[in-house]
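Protein chains in written order, with the working numbering: chain A, 3 to 265; chain B, 3 to 265.
The hints are simulated quantities; they were obtained by calculation from the structure and are not laboratory data.
Values in this document were obtained by computation on a predicted structure and should not be read as measured data.
Keep in mind that a hint or two might mislead.
As the list makes no split between identical chains, a pair holds if one copy fits it or if it spans any two.
To be verified - Straight-line alpha carbon distances no greater than 20 angstroms define the calculated SDA-like cross-link-like pairs of lysine to any residue that follow:
no. : residue 1 : residue 2
1   : LYS138    : SER69
2   : LYS87     : ASN40
3   : LYS72     : PHE112
4   : LYS109    : GLN28
5   : LYS73     : PHE111
6   : LYS159    : ASP129
7   : LYS73     : SER113
8   : LYS165    : GLU154
9   : LYS259    : ILE12
10  : LYS240    : ASP255
11  : LYS109    : VAL75
12  : LYS47     : THR115
13  : LYS165    : SER152
14  : LYS165    : ASN40
15  : LYS72     : TYR114
16  : LYS47     : ARG251
17  : LYS48     : ASP216
18  : LYS109    : HIS27
Protein chains: 2
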Amino acid sequence: MSFIEKFYRISQKNSSYLCVGLDPHQNMLPEHIHKQENPITTFNKKIIESTSDLVAAYKLNYAFYLSAGKKGVEALEETLDYIPKEVPVILDVKAGDIANTMTHYAKGFFSYTRVESITVNPLMGEDVITPLTVFKDKFFFVLALTSNPSAEDFLKKDSLYQKIAEKINIWGSQQFGAVVGATNNEELMVVRKLMPETLFLIPGIGAQGGSLTDVMKNATGRDHPLILINSSRGIIHKSRGEEYHTAAREAADTLRKEINSYL
Amino acid sequence: MSFIEKFYRISQKNSSYLCVGLDPHQNMLPEHIHKQENPITTFNKKIIESTSDLVAAYKLNYAFYLSAGKKGVEALEETLDYIPKEVPVILDVKAGDIANTMTHYAKGFFSYTRVESITVNPLMGEDVITPLTVFKDKFFFVLALTSNPSAEDFLKKDSLYQKIAEKINIWGSQQFGAVVGATNNEELMVVRKLMPETLFLIPGIGAQGGSLTDVMKNATGRDHPLILINSSRGIIHKSRGEEYHTAAREAADTLRKEINSYL
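With the rest of the complex left out, here is chain A (with noise of 0.2 angstroms):
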């Protein structure tokens, strides 16, 4: 099944717009972690068990676990094979090359069977694109438009955001996505209207200073809300406490019932 299927299914099932950052910070993690084997894996498998029936897709930040070494790469994989297999899974890793280096990535990052989605950076054109095209079953969030204070530098200056978001809706919306963060109304409302059919992955909401109203009067799609409101630090380290999993379980279904009371 294509990550979009998986999307549309678990959305429905879980009633979730919500997509869980998995990017455990090790000066966050609960102290009676750092005891065990591997803390990430120990840490991400309790947050697995605890929110996998509130969310519509897990994502991973890949330099998260690329900085912890051969632990991180291991915790890695074991988180991957954890997820349950009908939450699809995506793998933040704003790849972005040309011909067969994007190949060669791609088919590095999707060794990982339970990767079915990566994010890519456009800058590079359509040349970045092409090569993902034959991956058919999974699915790139391309960056469009960032919430960070220098997106002003290049991503908002000339409206390139609107240049990319125009090519995004032409490479389509069976395999491509839009990174869209939770800026301010005017620029949600101008992407969504360029890419009427697209999903959108949202970081910013919450700790990023975000605001989750606007976002779903402005971003969110006719026929369906195409969103997945993604959320990190406030789930996963919102307790250091030994029972940090129920504060996540809690801090991640308050998130899914303020989105879809938006609905």
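With chain A held as given, fit chain B onto it using these hints.
Only chain B this time, still in chain A's reference frame:
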């Protein structure tokens, strides 16, 4: 010693502005190599032995190692260990994320101590760059202008590449270089004018159709060439015979001398 100091020393010692790309294509390896325990390592070692006195740097394309799985990571580590310490090493990863994610990428890639430089994708703006400045001895080649056809989609539209070039110039030539494809004369002149002190990493000569004459006429600096001309396939896969390393040495020396003939 910092990357940039190493580059100045070795380019003088070897009279070379050549960067050899160690990106072996599995299907282009000489037949006798396939029997080796780790063919990529064996292949690279011979290339390094026969070219290290002719180069100013080596560049390794991360994707090519990633796609080869555990054997690939092993080959990456073994290859890095084998490169003489006086030759600076670039890992081509085109990383581009913000805040602590970027720090995690840098920590991950620099955990290989021989990696002294990485390539960076600046799409998200200065927030990508700020976390890198603490890695004082390291060097970052920022994507500025590429020579692939779809560079027209974004980089060459509304002169985005010029805006990036202006920023790279501000970020400072001690830590930041630019990836500049061998593209048309006018663009090369523009980027050099905008970044007079910046070291350029230049792919696209030969196999990809770029002209060395144009690059040498328009992209070099005033008081120092400030270039690293990258060539991969044209050198490492010059021959598929048992004496591939001798052919590689000859090809590297020819290109090195050709570059120097313009200086």
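Tested hints:
1. LYS138 with SER69: This pair counts as between: shortest inter-copy Cα distance 18 angstroms, intra-copy 30 angstroms.
2. LYS87 with ASN40: neither (23 angstroms within a copy, 34 angstroms between copies)
3. LYS72 with PHE112: both (19 angstroms within a copy, 14 angstroms between copies)
4. LYS109 with GLN28: For LYS109 and GLN28, only the inter-copy Cα distance (14 angstroms) is at most 20 angstroms; the intra-copy one is 29 angstroms.
5. LYS73 with PHE111: both (17 angstroms within a copy, 15 angstroms between copies)
6. LYS159 with ASP129: Between copies, since 15 angstroms is at most 20 angstroms while 22 angstroms is not.
7. LYS73 with SER113: both (18 angstroms within a copy, 13 angstroms between copies)
8. LYS165 with GLU154: Both ways: LYS165 and GLU154 sit 15 angstroms apart in one copy and 12 angstroms across, limit 20 angstroms.
9. LYS259 with ILE12: within (15 angstroms within a copy, 61 angstroms between copies)
10. LYS240 with ASP255: within (13 angstroms within a copy, 59 angstroms between copies)
11. LYS109 with VAL75: Close inside one copy (16 angstroms) and across copies (14 angstroms); limit 20 angstroms.
12. LYS47 with THR115: within (18 angstroms within a copy, 32 angstroms between copies)
13. LYS165 with SER152: both (18 angstroms within a copy, 13 angstroms between copies)
14. LYS165 with ASN40: neither (44 angstroms within a copy, 44 angstroms between copies)
15. LYS72 with TYR114: For LYS72 and TYR114, both the intra-copy (16 angstroms) and inter-copy (12 angstroms) Cα distances are at most 20 angstroms.
16. LYS47 with ARG251: within (13 angstroms within a copy, 51 angstroms between copies)
17. LYS48 with ASP216: neither (32 angstroms within a copy, 59 angstroms between copies)
18. LYS109 with HIS27: between (27 angstroms within a copy, 14 angstroms between copies)
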